[in-house]
Amino acid sequence: MQPFASPLTAIINPPDLQSAMPGDGLELSVIVQNQGEYGAVIDVYLDDTDQIPSQWCQSVRQRLALDPQQNGEVIFDFVLPANALPGTYDYTLVIDSPLHYPEDTPIQYPQQLRVLLREQTVVRVNDPSFFLSPATNPQKPARLNPGDVLPVQVRVENRSNLVDKFRLTCLDLEAEWFTIRYPSKNLDAPGLVAETSCLELNPGMSGYIQLELHPPAETLAGTYTPTLRLYSDNHPDLVLLDLVYLDIPTVEQLQVELETVIGKVSHRPGKYLLKLRNAGNIIRQLSFSASSREEDELCTYDYEPPQVRLPPSREAEILLLVQPVHKRRRPFVGTGQVINFQVELEDTQGYKLPEKLPQAMLIWKARPWWQLLLLVLLVLGLLGG
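So the sequence shown is numbered by our numbering: it starts at 1 and just counts up by one.
Source of the hints: derived by calculation from the structure; they are not laboratory data.
You may find that some hints are simply not true.
Below, simulated BS3-like cross-link-like pairs (lysine-lysine); rule was C-alpha separation at most 27 Å, straight line [unchecked claim]:
no.	residue 1	residue 2
1	LYS275	LYS352
2	LYS271	LYS185
3	LYS264	LYS352
4	LYS271	LYS365
5	LYS365	LYS327
6	LYS264	LYS356
7	LYS264	LYS275
8	LYS365	LYS264
9	LYS275	LYS165
10	LYS271	LYS356
11	LYS165	LYS185
All chains should be modelled from the sequences, with the hints used to inform the complete structure.
Below you can see the structure in the form of structure tokens.
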């Protein structure tokens with residue numbers, strides 16, 4: 001913003017937002033007046049955080065030498081590429097004189113350049129127009145976490161000489177994604193208002209439509225570009241379009257539980273249920289394994305199925321069979337051998353997994369008493385022989 005009583009002033013035309021189709025050219029005129037007491041060398045240049053508008057300008061930095069009470073004009077010519085993506089791009093016009101007015105400069109003027117959709121009708125001087133806040137583009141999408149709401153303010157301008165009614169639609173979104181609210185209308189009775197289904201504007205007036213974007217919790221992570229269209233009752237064939245660029249960040253939450261079905265075995269495998277719930281917003285491709293927590297590996301581990309595809313908000317149950325091997329190591333006496341094991345998961349796409357995965361144990365029962373008796377008799381027979 002320009003500081004109060006600055007010795008340098010600027011007249012910018014157009015003053016705020018410029019609009020053009022891909023492939024079109026446009027210009028920004030800046031008249032700088034030196035109202036100070038000194039002659040000054042003044043730099044006038046464009047600075048942008050999106051790194052886009054400056055690429056479309058043939059000369060982003062120009063210089064003026066102005067005596068006191070003198071003014072000068074610079075022109076910035078933009079040429080939009082034919083493949084320019086629709087959106088509203090922010091940049092800043094900067095006026096700087098570090099040698100002659102170091103305490104009063106730089107002066108910054110926020111500007112916007114709007115790339116229109118090709119499908120949009122060419123807008124004439126008296127045609128209505130609309131603008132979105134926040135403005136978005138492919139380099140600066142609006143970040144929206146799953147379950148949150150993004151309020152978008154739609155400013156509509158009726159530039160005609162007739163009263164007009166306007167309606168907003170989202171062309172490529174399901175109804176559960178958005179809510180549109182028009183200004184309430186006061187009734188004759190005090191304190192009573194009524195909801196309306198449109199925005200009614202008098203000639204030369206502007207008003208606001210409130211748009212709320214609220215993607216369902218199971219919406220996949222990624223970038224979305226819903227198209228908004230404004231309809232005019234007076235100009236039904238007029239196609240007024242704009243895009244909202246949304247970035248829904250990745251949520252990699254996965255819930256894992258292990259339930260014991262059969263945890264004590266003699267000959268058959270132990271049975272466990274691995275329960276999964278995808279609490280994130282990405283599709284999971286998971287494979288499974290397990291390993292002993294002891295020094296020796298005493299079991300084999302089989303999953304049915306060995307892999308699973310799990311969309312957001314879905315659950316799955318995987319059967320885990322744990323089969324002891326090395327039968328000679330089965331105990332003869334006691335309460336059985338405890339085998340501790342660890343469940344292991346792999347995400348084939350490299351997404352994060354829970355830091356702590358379930359652990360469980362299998363009890364391998366001791367042999368029946370008659371096997372011990374046979375062993376004792378065999379030993380006695382050998383000793384007697």
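- Query: Given the hinted pair LYS271 and LYS356, is their alpha-carbon gap at most 27 Å?
  - Reply: Cα-Cα ~21 Å, so holds.
- Query: Given the proposed pairing of LYS165 with LYS185, does the C-alpha separation stay at or below 27 Å?
  - Reply: Holds, because 14 Å separates the two Cα atoms, which is no more than 27 Å.
- Has the given pair, LYS365 with LYS327, been kept, meaning a C-alpha gap of at most 27 Å? This hinted pair holds, its Cα atoms lying about 12 Å apart.
- Query: Holds or violated: are the alpha carbons of LYS271 and LYS365 at most 27 Å from each other?
  - Reply: holds (15 Å)
- Sort out whether LYS352 lies within 27 Å of LYS275, counting only the CA atoms. Distance ~17 Å between LYS275 and LYS352 Cα, so the pair holds.
- Item | Straight-line alpha-carbon gap LYS264 to LYS356, limit 27 Å | holds (24 Å)
- Message: Next pair to validate is LYS264 with LYS352; report whether the Cα-Cα distance is within 27 Å.
- Response: violated (33 Å)
- Query: Are LYS264 and LYS275 close enough, with their CA atoms no more than 27 Å apart?
  - Reply: holds (20 Å)
- Task: Mind checking the alpha carbons of LYS275 and LYS165 for me, to see if they're no more than 27 Å apart?
- Result: Violated, at roughly 55 Å.
- CA of LYS271 to CA of LYS185, is that 27 Å or under? Not satisfied, since the Cα-Cα distance of roughly 66 Å exceeds 27 Å.
- Message: Check the hint pairing LYS365 with LYS264 against an upper bound of 27 Å on the C-alpha distance.
- Response: holds (7 Å)
The structure fails to meet hints 2, 3 and 9 from the earlier list, while all remaining hints are met.
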